[in-house]
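The residues making up each chain are set out below.
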Amino acid sequence: MSAPAAPAAAGPAPARMAAAPSVTGVFVRLKLSLLRNGLRVSRGRTVGWCIGVTFALLYALANGAGLIALRHNEHAPAASVTVAVVLGVGWAVVPLFFFGGDDTLDPTRLTMLPLRPRPLLTALMVSSLVGVGPLVTSLIVAGAVTSVAYGAAAAVVAVPAGVLVVAFCVALSRAVAAANTRLLTSRKGRDLALLSGLFVAVGAQLANLGAQSLSDSDGLDRADSAGHVLRWIPPATAVDAVRSTGRGAYGLAVLQLAMTAAAVALVLWWWHRSLVRLMVSPDASTIAAASESAAGGRARRGSRLRLRLRLPEGRTGTVMQRQFRYMWRDPRAKAALATGLAVGLLLPLIAVVQHGSVYQCLWAAGLLGVQMYNQFGTDGSAFWVVASATADRRDAELELRGRALSVAVVALPYVTVVTVGAAVLLGQVGSLAETLGLAYAFLGALLAVGCLASVRFPYAVPRDNPFANAAPGQSGLVVLNVIGGTLTGAALCLPVLGPVLALHLTGHHGLLWLALPAGAIYGAALAALAVRFTAPRLLDRLPEILATVRASS
Amino acid sequence: MAEESQETGRRDALPSYGDFRDGGAIGARPEGPVPAVRVRGLWKQFGEQAAVAGVDLDLPAGRFIGLVGPNGAGKTTTLSMVTGLLRPDDGQVQINGHDVWADPVAVKSRIGVLPEGLRLFERLSGRELLAYTGRLRGLPGAEVDKRAAQLLDVLDLTGSQHKLVVDYSTGMRKKIGLAAALLHNPEVLFLDEPFEGVDPVSAQVIRGVLERFTAGGGTVVFSSHVMELVESLCDWVAVMAAGRIVARGPLAEVRGDASTLQDAFLSLVGADRVGGQDLDWLGGDSR
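Chains as they are written, first to last, in numbering that gives the first Met the number 0: chain B, 0 to 552; chain F, 0 to 286.
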């Protein structure tokens with residue numbers, strides 16, 4: 000904004016600016032107002048926020064205290080520099096996932112204000128230091144520097160070192176956000192953010208593996224050798240500077256502090272540059288989208304032709320085709336399905352690794368079956384198209400059938416492959432038939448319950464927040480939908496599970512193969528009956544469903 | 000026809016037509032032609048506030064009808080209830096003699112809707128959206144594709160037919176929504192703020208299509224708060240304020256002695272046109 004703002008500010012503005020309050024003060028107050036108003040939305044949100052903050056602070060205190068407790072421990076230096084690097088990485092990654100959650104992260108909201116980049120940078124920096132995140136970071140950093148500070152000189156150095164670490168984290172976070180603002184405010188960027196849940200889940204698994212390997216006997220020694228590298232990476236350099244001071248290596252300490260300060264300056268320069276570019280150049284993201292659409296269109300046309308060849312005619316096929324397109328193109332649908340597929344594979348795999356039971360494959364059926372639970376909620380307000388084209392019971396039945404079939408078309412082969420694969424790997428091929436039969440029955444039961452839950456207990460899926468799964472005030476509906484649905488689905492499996500258990504207990508193992516045809520037929524019948532008998536309810540409740548699911552958009 | 004006798008029976012049950020306030024008693028009489036839309040005692044309450052507080056309205060067939068009113072007058076709520084997307088607390092709605100809630104099969108195939116504030120299936124391309132909507136309405140696939148191609152052409156969307164609707168501009172969204180609403184050749188078209196946020200070129204295209212539709216005997220009902228637009232497009236208007244119809248009839252009658260519809264509207268809704276006398280600093284020398 001600097002260049003265009005200059006002529007506007009050149010006139011009578013300077014006199015007024017002098018009397019105006021400082022930009023920094025305004026931004027800090029803005030940040031506080033945003034925090035306060037965010038809490039004002041609803042009581043539930045306030046309570047949730049308070050619980051979240053309490054946990055975050057307790058976690059930070061525990062971490063800080065844990066680090067202090069490591070004092071005098073030989074692994075303390077490695078632990079403290081690792082914590083500093085992890086904090087830095089965390090702050091760099093967070094805006095990519097939570098961009099929509101913090102309005103102050105988006106500098107393009109300020110483009111119309113006559114602000115110069117440098118005061119703006121200061122103001123944004125100071126206001127960024129206000130909040131729960133910086134507080135949590137400060138607590139942990141305090142613990143980290145305390146754990147390695149020996150002697151008065153080190154204690155003195157610890158204060159600027161801690162400040163530098165926090166400043167580096169906050170500035171880095173801001174700089175990453177500013178550099179990626181165009182991406183993150185565009186449609187494609189928001190789509191990516193929606194998919195980020197997957198990466199978080201995978202990352203959590205990796206972190207889990209890392210923690211497990213560290214708990215081995217030689218794990219901490221490996222951490223120590225990693226620490227030798229990490230202590231040269233800002234902001235860990237500042238933490239290690241404290242230790243160097245304690246050891247009397249003052250030159251090294253000065254070098255490390257200078258490195259950290261240089262890193263902060265570098266990050267600030269990057270942020271400054273991004274800010275200036277953001278404020279003076281127009282958003283061109285839609286132009287890029289337009290030019291690539293021609294190429295995408297051709298590819299899409301090809302896939303459409305291929306798809307239609309295999310789908311049934313009429314409304315069922317039409318509905319299925321749209322469902323499949325949404326599974327691929329709608330980030331929410333894609334994330335839900337991908338999570339179901341990934342976890343549905345992961346849990347049987349864990350069974351294989353731990354030599355568990357082939358029955359764990361039922362998870363695959365369960366996780367794909369629940370995709371049916373909130374069919375109309377995932378449509379959002381676009382459900383009006385369905386509502387306005389559903390006039391009689393037949394329409395409603397075909398709509399439900401198309402949706403159930405599109406889940407089944409994905410789930411059936413997947414469940415079959417996962418179950419057969421797990422049974423073979425576990426060497427439990429003998430149990431394959433009964434497990435598959437139970438899986439089909441479970442899938443059918445969940446599809447059946449999903450039809451009813453979609454019609455009777457739909458809930459709105461928020462569009463703007465990738466991490467919330469229900470619109471405010473509808474959490475009760477989610478509980479009814481998911482918990483009630485799953486319990487009912489499990490109960491509906493009893494007619495297959497009961498005889499299987501009875502055959503096991505009475506020793507008639509030769510008859511267990513009967514569970515496969517029985518389960519398959521039972522599951523299919525349950526789903527078909529549910530579609531048929533839920534259809535009139537769908538027809539009756541069209542306006543009510545629309546009123547519920549449109550709440551988010 | 001069974002529908003006719005049913006219609007006659009319902010007519011007898013309807014309240015009398017004596018409720019006209021200041022719009023003049025224009026519109027279809029019980030003994031006249033069946034109105035395109037007949038609304039009786041329509042009522043919708045959200046919490047304490049009545050968004051629509053007893054609307055009675057007959058909209059003549061084959062006309063270009065504007066439903067005008069300030070923001071929050073209840074236009075969208077009324078149109079949602081008339082098109083079967085929102086269940087009224089009370090009241091009756093008939094489209095060409097068919098009750099919206101009792102006979103959805105007859106009504107849903109006869110109306111086209113372009114709502115405001117509701118999304119389309121935006122992860123489909125424009126062309127896919129039309130193909131989906133047409134087939135959902137039970138039209139044969141080949142016919143849908145033919146009509147879709149023509150609509151895309153007329154609405155100047157052929158160039159972006161393979162682009163996802165989520166990447167469309169506001170004007171393009173309104174146009175693809177209009178195409179989806181026209182695909183099954185409805186008798187009555189309900190458009191909620193079809194020109195809101197639309198550029199002049201797209202507005203002109205939409206206008207041309209709508210004029211062609213009414214010339215072919217179709218009825219267009221659209222809501223707007225832009226009086227100049229309504230005045231230039233419509234031959235029949237209904238004015239809404241605070242959940243009620245305050246005037247209805249042919250444009251000339253509603254306008255009355257006022258020079259423009261805008262003036263007539265402002266006096267109807269009781270809004271003071273003179274404003275801003277306290278802003279004496281605005282535009283002066285004092286900065």
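By construction, these hints were calculated from the structure, which means they are not laboratory data. Be aware that a few hints might be false.
[Stated by the list, open to error] Covered stretches of chain F, going by a simulated chain B footprint (3 or more residues, C-beta under 8 Å): (1) 37-43; (2) 50-60; (3) 75-88; (4) 112-119; (5) 194-201.
As the structure is a computational prediction, the values presented were derived from the model and not from experiment. Beta carbons are placed, not taken as given, at the ideal position from N, Cα and C, and that holds for glycine.
Go through the numbered hints given earlier and state which of them the structure violates, listing their numbers in rising order. Violated: hints 1, 2, 5.
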